[in-house]
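Chemist: Quick mapping for you: the protein sequence lines, in order, are chains A and B. The first sequence begins at 13 in my numbering and counts up by one. The second sequence begins at 56 in my numbering and counts up by one.
Treat the hints as calculated values from the structure; they're not laboratory data. Here a beta-carbon is modelled for each residue, glycine too, at the ideal position from N, C-alpha and C. Each hint should be verified, as a subset may be incorrect.
[To be verified] Just some of the chain B residues that point at chain A, by a computed CB distance under 7 Å: (1) Arg77; (2) Met80; (3) Glu81; (4) Arg85; (5) Phe88; (6) Gln89; (7) Phe92; (8) Leu116; (9) Ile206; (10) Gly214; (11) Leu215; (12) Ala219; (13) Ala223; (14) Leu235.
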Amino acid sequence: MRTMHYTEDELILYYYGEHRRRVRVEQHLADCAPCRERYQGLAASLALVADPEIPERGDQYGLEVWQRIRHQLPEQEAPWWAVWTRPHRLALAGAAAALVLAAFIAGRTWPGGEAPVQPTVAVAPEPEIGADAGARVRLAAIGDHLEQSERVLLDFVNAYGTADQPADVSSQQLGAADLISANRLYRDASTAAGDETVAAVLDELERNLLEIVHGPATLTPKDLEQIRLRLDAAALLFRVRVLSEQMRERELDVPIARKTI
Amino acid sequence: MDASDAAAVLARAQQGDGEAFRVLMERHSRRAFQLAFRMTRNEQDAEDVVQESFLRAYRQLGRFESRANFATWLHRIVANCAVDVMRTRHAKQQRVSEPLDETAPLPAGAPDPQRLAESTEVRRRVDEALAGLSPLERAAFALRHHEGRSIEEIGRTLGLGTSASKHAVFRAVKKLRIALNRYA
Chain A
13 MRTMHYTEDE
23 LILYYYGEHR
33 RRVRVEQHLA
43 DCAPCRERYQ
53 GLAASLALVA
63 DPEIPERGDQ
73 YGLEVWQRIR
83 HQLPEQEAPW
93 WAVWTRPHRL
103 ALAGAAAALV
113 LAAFIAGRTW
123 PGGEAPVQPT
133 VAVAPEPEIG
143 ADAGARVRLA
153 AIGDHLEQSE
163 RVLLDFVNAY
173 GTADQPADVS
183 SQQLGAADLI
193 SANRLYRDAS
203 TAAGDETVAA
213 VLDELERNLL
223 EIVHGPATLT
233 PKDLEQIRLR
243 LDAAALLFRV
253 RVLSEQMRER
263 ELDVPIARKT
273 I
Chain B
56 MDASDAAAVL
66 ARAQQGDGEA
76 FRVLMERHSR
86 RAFQLAFRMT
96 RNEQDAEDVV
106 QESFLRAYRQ
116 LGRFESRANF
126 ATWLHRIVAN
136 CAVDVMRTRH
146 AKQQRVSEPL
156 DETAPLPAGA
166 PDPQRLAEST
176 EVRRRVDEAL
186 AGLSPLERAA
196 FALRHHEGRS
206 IEEIGRTLGL
216 GTSASKHAVF
226 RAVKKLRIAL
236 NRYA
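If we strip away everything but chain A, and leave its shape as in the complex, we get:
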């Protein structure tokens, strides 16, 4: 009968107290000289990585940092619910409610099968939404989308597999699939707004998301390494992260001179 030995990964988890079967591992290490030797080697290596000597920072440090940044404090982002308390949003919500009410009443008033000619309830005209507010909404949505995309890409490139047990990336594929239609929408919106830099990054992001979705659900270490190299060469993750931050800044400062990345 083949003797079971623990892998390096399992010994790392055990070292950090995160192995679910700690007692079993302990017993095995007591009985198995090769595994014990491997574990001791691992522990000795990690013992060399001492906590770095952290430069001292005194009691006044917080105040010093405050003095450096106090004149750069950005505008605070409103809570998510506050977006709907802005005047034009309230008017829009009111108009939407009126339209729903009108449709309801029209449905009740007109006999079935006949299309209503004119609603009987006066509907407030849809208010004009300024270009600035529209840009802010677009930028916030794209910023959120880029953050989600970055998480999906990171989860994908950090998947782990061995030659015997390739990595299962099916959940990452589902995550990527969820993002594709939104990505297209934002890319088209960016193009329409003349934001070619953003559109270009979203375009490249979409290509990579599609490759994830249409690729195999299991990946060998060699496949994963090739994917990582390709993404590193394109610096896609870095560009997505930088662009996400820029969207946040631009949202707060609309309009703003466009930056290139």
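Following the hints, position chain B against chain A.
Modeler: Relative to chain A, chain B alone:
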């Protein structure tokens, strides 16, 4: 500062009270610097991380849920800022240091692990080895090894799934072992 005072200060900061935010900074800055330094291992980078983190925190304070723990929330911001700074350096940096001679033995005659860890040569090797990790691997390793965070917490901090954060730590450890010439 007790819990109710802290909550009151936070609430005022969320209303845009700069002085209240200053109080929060005084309370959390040193811890932020310690985390930033553990991750970047560079004093100037750590300072940049601390400043940028508090600017981000101030900007996003309106979205912070008061029920959550501010220190934990700030910790995530600092960790992610540190990753950003490391990525920027990683992308720009020309390696000017001499390549690590992995065949050279580590100092002998220092059986005490603590003394060995403290020796200059070992520290240099460790620093070189850490510089060879990707920013994400360095972040995950620093959070696990120096900060004692669980794999799950690391994932939440860095926006990774549990599997991804686990394997970032694994890769970091393996690369370190190779660089420290102890890989069996």
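Chemist: Does each hint hold? Answer for all of them.
Modeler: Right, here's what the structure says about each hint:
1. Arg77: 5 Å, holds
2. Met80: Hint holds; Met80/B Cβ to chain A Cβ min 5 Å, cut 7 Å.
3. Glu81: 3 Å, holds
4. Arg85: 5 Å, holds
5. Phe88: 5 Å, holds
6. Gln89: 5 Å, holds
7. Phe92: 5 Å, holds
8. Leu116: 6 Å, holds
9. Ile206: Where the cut-off is 7 Å and the nearest Cβ of chain A is about 6 Å from Ile206/B, the hint holds.
10. Gly214: 5 Å, holds
11. Leu215: Holds, because the Cβ-Cβ distance from Leu215/B to chain A comes to roughly 6 Å (cut-off 7 Å).
12. Ala219: Holds, about 3 Å.
13. Ala223: Check passed: Cβ of Ala223/B comes within 6 Å of chain A, closer than 7 Å.
14. Leu235: 5 Å, holds
In the structure shown, no violation is registered for any of the earlier numbered hints.
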